[in-house]
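Colleague: Chains as they are written, first to last, in this note's numbering: chain R, 2 to 331; chain S, 112 to 447; chain F, 5 to 384; chain P, 18 to 535.
Hints listed in this document are in silico derivations from the structure and should not be mistaken for laboratory results.
Hints should not be assumed to be uniformly reliable.
[As the list claims (entries may be wrong)] Below, a list of computed lysine to any residue pairs in the SDA-like style, where the Cα atoms sit at most 20 Å apart:
| no. | chain 1 | residue 1 | chain 2 | residue 2 |
| --- | --- | --- | --- | --- |
| 1 | P | LYS505 | P | ASP195 |
| 2 | R | LYS51 | F | THR114 |
| 3 | S | LYS334 | P | ASP195 |
| 4 | R | LYS302 | F | ARG158 |
| 5 | R | LYS51 | F | ARG158 |
| 6 | F | LYS234 | F | VAL203 |
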Amino acid sequence: MSTREAQREPSEWSLTLREFFLGQEGVLVVFLVIAVVVLAFTSQNFLTSKNLLNQARLMTEVGLLALPMTYIIITGGIDLSVGSIFGFSAVMLGWLWQEQGFPLEVAIVASIVIGTLAGLFNALFIVYVRVPPIIMTLATLALYRGLAYGVSQARSARGYPEWFFRFGQEDTFGIPTQIWFFIVASIITWIVLARTPFGRGLYAIGNNVTGARFSGIPVDRYLLVIYTFSGFMAGLAGFLFTSRVSTTRADSGTGMELDVIAAVVLGGTSIMGGRGTIPGTILGLVLIQLLKNGLSLSGVKGDATIVVIGSVLILSILINNFLQRRFAQA
Amino acid sequence: MAATSKAYKSQTVESGFSLRSLTHLLGSQEFILLMSILALSLVVYSDNPRFGTERNLLNILSNASYIAVGAIGMSMVIITGNIDVSVGSLIGVLATIAGQLAVHDYPIWMAWTAPILAAMVVEGFIGFLVAYLRIPAIVVTLGMMSILKGGLILATGGAWIYDIPQEFFLAQRQPYGIPMPIYFMVTLVILAALWMHYSPTGRAIYAVGGNAEAARLSGISEKRTLMTVFILHGFMIGVAGLLFATQFTTIQSTVPPGLELMIITAAVVGGVSILGGSGTVIGAMLGAILIRVIQSGMIFLNVSAYWLQAVQGILILLTVLADILRRRRQAASIGK
Amino acid sequence: MKKLLVSLILLAMLVAPLAAVLPAKAQDDLPTNPLACPWEEEEAAEAEEGEEAEATEEPMEYNGGQPVNPPDLKGKPIRVLDLPKLIGIAYFAATTKGLNEAAEELGNVTIITDAPTEANVDDQITFIENYVTQGIDVIAFASNDPVAISPALRRALQAGVHVIGFDADSEPDAREWFVNQATFNGMAKALIDSMVEEVGEDANVAIVTSSLTAPNQNRWISEMLAYAEKCYPNLNFLETVPSEEDQQLAFQRAQELVNKYGEELDGIFAMSSVAGPGVADALTQMGVCDQTISVGISTPNQMRPFIKNGCAPKVVLWNPIDLGYATTYVIRAVVDGELVPGDTEVEAGRLGTLPVINGSEILLGPPTVFTVDNIDDFDF
Amino acid sequence: MQPILELTNISKRFPGVQALQNVRFDVLPGEVHALIGENGAGKSTLIKIISGVYKPDEGTLRLDGQERPPFSNPREAQAAGIATIYQELSLYPELSAAENIFMGHAPRTRFGAVDWGRMRREARELLASLEIHDLDVNRKIGTLSVGNRQRIEIAKALSLNARILVMDEPTAALTEADVEQLFRIVRLLQERGVAIIYISHRLQEIFTLADRVTVLRDGEYVATRRVTETSEPELISMMVGRTVDDLFPKLPAEIGEPLLEVRDLWRRPYTLGVNLTVRAGEIVGLAGLIGSGRSELAQTIFGIMPAQSGQILIEGKPVRIRHPGDAMRLGIAYVPEERGSQGLIRQMTIRQNISLAVLRALTRGPFIDRQGEKSLAERMIDTLNIRAYSTNQIVNKLSGGNQQKVVVGKWLASQPRILIMDEPTRGIDVGAKAEVHRLMSQLAQQGMAILMISSEMPEILGMSDRVVVMREGRVVGEFSREEATQEKVATAMMSVENGASDAAELAVDGVQTGAKGR
């Protein structure tokens with residue numbers, strides 16, 4: 002405001018650190034450390050590499066969907082149809098291969114393409130017809146699920162060849178194969194969000210879409226890209242899921258969208274848009290998964306576990322709000 | 112001369128006014144919905160006249176009732192720019208509470224009012240977190256959904272409730288041949304519509320959703336309005352839960368799947384703007400009825416069971432698109 | 005241009021599904037094996053003595069999987085994970101009750117019940133993985149998807165955990181034994197026969213199934229259609245509608261069917277323990293039980309009022325408590341090495357001796373038909 | 018006479034900022050008391066204390082001579098007869114005009130319900146008292162023009178039967194004609210004995226309208242003067258703490274070839290066959306009433322609302338501009354009208370805002386070059402004299418003038434050849450205004466072509482080499498610097514005779530539509 006506040010300018014790095022610890026990420030790290038310590042004491046099977054890798058395997062599909070969801074929520078949108086696209090493209094994989102006789106490789110690619118197209122369909126309406134994302138994806142949530150049932154006639158496709166399971170059930174370089182997909186996708190989405198003009202544009206859109214448009218950011222194209230990307234990732238996750246469970250079902254992924262959104266929101270992405278990071282989302286994912294797993298290993302049942310997770314979600318945002326109000330002013 | 116022209120002028124103003132209100136009515140989402148319901152019903156009826164039997168129509172309305180009652184509160188919440196995804200779980204919990212009280216020989220009135228009170232307490236708590244502690248509603252209710260869902264199983268172990276005394280089944284009664292839930296739906300929708308149109312607090316809901324800052328400056332307390340909305344929403348959900356619980360001879364101690372989406376969809380199809388500040392409860396009720404007409408009509412039209420969901424999805428999408436295009440056209444025509 | 009494109013897409017979307025209007029039957033593709041019709045039964049029974057081997061064909065080879073180096077727990081206390089499809093429905097509450105009943109009798113078995121709140125195979129897999137890591141001795145499961153659950157079960161076997169199925173099977177090699185409550189064709193026969201006894205063989209019937217993806221239901225429906233075709237060719241199946249695991253939806257579907265077909269509709273098969281009360285409730289509340297009745301699969305307690313008021317005069321079910329009870333005995337026998345591949349029967353406490361069928365399945369027995377005469381003998 | 022409202026020793030502190038320190042202020046019945054000061058001087062804080070939005074940390078408040086505790090919420094202030102018209106219109110777009118006027122204090126029936134009939138009638142009466150007869154009170158606010166929305170705002174304040182009316186820059190968004198009407202209303206209220214607290218950056222208005230004026234600077238009270246006893250230079254020096262010599266220092270620049278030419282450009286319904294040329298080194302002032310289509314023309318050139326037909330030529334070459342990206346590649350920059358919603362991403366930092374339009378150029382490989390970004394921001398902070406302690410400061414926490422400089426900096430970073438500035442100095446203080454003007458002059462000297470949209474006549478006349486006037490989507494007049502006078506430009510803007518015939522045309526249209534409707 003004036004010269005009397007011309008204090009020492011904090012360095013970029015210390016600023017980032019400060020942001021990190023006062024932000025949701027900091028809260029999550031604390032929660033995570035507490036959870037790990039407590040759970041490690043209550044169950045000796047918890048802190049083993051075998052268990053942790055296995056948990057990572059189980060986390061992959063939700064994780065893959067949470068990455069584009071972070072982008073979308075940062076722009077102030079939402080995609081409720083991811084679970085349905087996930088199920089739909091998985092079903093299409095099995096249907097194309099078994100009913101239509103395509104080679105499995107082709108069916109895999111085609112199913113991911115179909116997921117992408119489903120995302121594109123959402124995107125076209127959201128961008129060009131200006132249907133609010135929540136409404137559009139609420140409608141396609143029902144539509145894609147319906148297509149999954151209709152096309153497959155609710156039949157599951159099974160009996161895949163051995164090589165197909167390499168992606169979902171076996172290890173590559175010592176860790177479950179699909180985790181590689183998640184690691185690569187996380188790193189790319191992280192860097193893109195944090196370091197590229199595209200990522201910066203997403204934040205700008207989420208904070209002030211008019212301002213972004215007036216700054217020459219191709220808002221429509223960016224939105225088109227992220228909703229399509231969400232469909233693509235849902236297709237990819239659907240494929241990995243099929244490989245993991247070795248069958249396709251028209252109802253797989255039902256209700257998954259809420260798990261995904263919970264992880265993203267827990268990770269500090271503001272549902273109002275404009276704020277959020279990929280590391281935050283990953284922390285959110287990991288915290289939920291470890292709680293589920295660790296509590297189960299400590300003898301807490303599934304129903305109690307979801308109570309704990311719900312409470313953690315509310316509590317962590319509450320604490321974050323408190324910290325923001327207390328310290329972010331200064 | 113001057114006097115005549117003045118009289119003439121006022122006359123045109125009057126007729127112009129009524130004309131405008133007519134076009135206003137014809138252009139409203141409620142009217143479009145009503146037309147969609149009628150058109151769809153006619154199509155189904157012409158294919159299969161049994162669709163038009165009194166019993167079927169009453170069944171449809173009755174099945175839409177608890178969704179519509181839930182959508183009343185949901186509309187208010189959405190108009191203020193918030194959302195509640197925990198309603199499905201909450202209704203599951205309420206049904207269990209009502210059933211448990213009824214089988215444990217508590218007086219019936221207690222079994223009926225307890226779920227309503229419980230819902231008001233839970234929604235009041237949600238409202239407190241949203242209004243006073245400023246946590247986004249979707250976060251609170253997402254968390255609450257887990258807590259209620261898990262807590263229900265934790266408490267009951269999932270046992271079904273049966274051997275409930277007959278007088279408990281409020282929703283099964285049919286005074287004058289019309290199922291009870293329809294009375295509830297119509298009465299509550301009318302009351303809520305009047306309240307939202309005529310009470311200062313009702314108008315404040317629109318103000319808070321339309322421009323929270325301006326509302327604050329007009330001396331409207333956003334926090335109090337939000338609390339009122341969530342508690343009222345709790346009341347409506349409580350009634351919806353009661354109608355749901357007393358419809359069946361046995362009560363499942365689980366959460367009805369997808370109920371929250373159904374209620375939200377009814378409100379949104381009914382023209383309640385998810386961006387806040389506009390919408391009516393009559394629209395929400397028509398939205399609920401439309402969903403049920405679609406569901407039921409598809410069966411009558413022999414749509415393959417496998418394609419039911421897809422057709423439903425398309426019809427919902429079309430309704431929503433029609434609403435959006437209507438708004439766009441209205442804005443454009445006025446802009447000229 | 006843009007608008008044209010959009011409307012074209014919408015039109016295509018509209019037309020595509022409507023073009024596919026076909027009455028759904030919700031069968032699966034597996035071969036069916038209808039049992040003998042009631043009037044053939046007597047002949048069959050006469051022939052049974054001499055020709056049993058021929059009638060039941062060759063006994064199948066054991067086709068289950070085996071745990072890898074399981075610890076020797078013979079006679080020692082064991083911890084068993086009871087993993088039903090979901091928790092929160094009466095049916096699985098009853099199987100759990102049965103498991104615990106037998107566990108108490110045996111004294112050295114601890115049952116831990118844990119499962120998802122929705123019938124979701126992905127969650128089930130997570131539970132299996134968690135409990136294997138935690139170190140459980142035995143997993144007793146009822147799968148939400150026979151194929152999807154199998155990889156996780158195989159990993160459990162590899163970790164030396166005993167795996168026994170009940171109610172809903174996995175792939176055979178992913179578990180050691182499966183306790184089969186009733187054969188599919190046996191259930192189908194009981195259901196169809198019950199219906200025909202109520203409405204006659206020149207009747208129109210519809211089916212309210214649970215989810216279109218539910219494997220047990222699809223198998224039953226296939227067997228029912230095959231059996232009806234063989235024995236009651238005039239029994240006309242109108243259509244099959246799904247109700248998920250949702251009482252309200254089953255209620256609504258039944259109303260719609262009655263309204264749609266009116267008096268033509270003579271009976272509705274309710275194919276799950278949730279659909280059963282939903283359908284019967286609808287018929288009762290509509291007051292049409294003199295025209296349309298329901299025959300279904302459900303538990304006695306929740307069907308009692310409907311059996312008594314005649315809206316659901318016959319309910320077919322095995323005893324889920326017995327199913328759970330038998331499962332615990334099978335588990336103990338397997339752990340103690342008393343039930344090994346190649347055996348043809350197993351001791352199961354108060355249930356006596358149960359036969360092994362299809363290589364690695366233990367059959368509980370024929371299904372029970374609950375009617376107004378015997379309903380008060382059951383409490384579960 | 019006894020002051021109707023008197024505040025003494027008011028202090029208010031926000032985290033990190035002393036917003037007000039020992040400020041005093043009073044207003045008499047029937048008086049217009051102007052409150053002036055640079056942005057960030059504490060005017061807004063003071064009126065928010067008066068209207069009950071903020072509670073002061075210290076100080077006393079006297080109402081009709083009675084000491085009372087400060088208002089703890091807006092409702093209390095309203096009850097005391099204080100109404101406020103805020104700078105940023107605070108209306109509900111989805112609700113009707115009548116309801117907007119009466120939100121929070123709607124007439125009730127005896128059952129306590131909102132009396133819609135009376136509300137509509139009273140709304141019509143209120144508007145009539147403002148000489149507004151053609152405004153349908155059932156229309157949704159979202160469908161009204163900005164000018165009409167402002168009138169609804171005034172009606173809203175009147176509906177409260179206010180004894181004290183606080184007007185926070187009511188003329189910022191108004192054109193000269195609307196300002197005249199507003200002044201009439203203010204005088205009317207004054208006659209009724211209403212005390213008016215009037216905030217404006219336009220000193221001219223203060224001399225026309227106010228009785229007394231109070232100056233604030235850096236949160237502190239400077240002085241109160243009768244307007245008859247002071248002068249413009251004195252007020253300015255009190256506000257900025259120094260004297261500002263020349264408000265509009267347009268420096269001579271060499272005028273070169275046409276850089277931007279627009280030929281018969283159409284974008285219905287706002288831009289109807291516009292022709293326009295801007296040369297290198299030239300500042301073209303684009304004058305017109307609100308709604309005359311100036312901003313829309315700028316947005317059409319910039320590709321936000323792409324043209325439907327017509328030609329745009331850059332350096333004589335025809336180009337197609339379909340979105341802002343195209344325009345930016347061609348060297349066009351647009352400093353938009355609405356700083357908050359269009360110009361800035363307020364929740365982001367200075368650094369991120371300044372680099373936003375040039376991110377693609379600021380990359381190393383696919384990544385943003387953070388060091389480059391930071392040094393760019395530092396350079397702009399230096400060049401434009403933006404007062405901020407760090408490039409990482411959130412823009413929202415800057416004062417209006419500094420925010421505007423950030424917007425300008427953002428577009429200068431794109432090194433444009435053609436700069437369109439839409440109301441470049443609206444709502445910013447005198448010092449910052451002079452700086453912006455000086456900067457525009459310098460840029461023109463460097464050979465940039467500048468198209469300046471402004472509603473402030475002195476700015477148009479002082480800065481422009483050429484003045485182009487728009488009315489109803491068309492260019493209706495063009496004057497060189499020498500021939501442009503306030504009268505000529507204003508006449509072209511309003512063009513009385515033509516305007517009347519247009520109005521008649523509209524009326525005929527209305528009748529026809531009505532007939533069709535029937």
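Colleague: Now tell me if each hint is right for this structure.
Modeller: Now for the hints, and whether the structure bears them out:
1. P:LYS505 - P:ASP195: Distance ~18 Å between LYS505 of chain P and ASP195 of chain P Cα, so the pair holds.
2. R:LYS51 - F:THR114: violated, 26 Å
3. S:LYS334 - P:ASP195: Outside the cut-off at roughly 37 Å; violated.
4. R:LYS302 - F:ARG158: violated, 23 Å
5. R:LYS51 - F:ARG158: Within the cut-off at roughly 16 Å; holds.
6. F:LYS234 - F:VAL203: Between LYS234 of chain F and VAL203 of chain F the Cα gap is close to 18 Å, so the pair holds against 20 Å.
Of the numbered hints stated above, those contradicted by the structure are hints 2, 3, 4, listed in ascending order.
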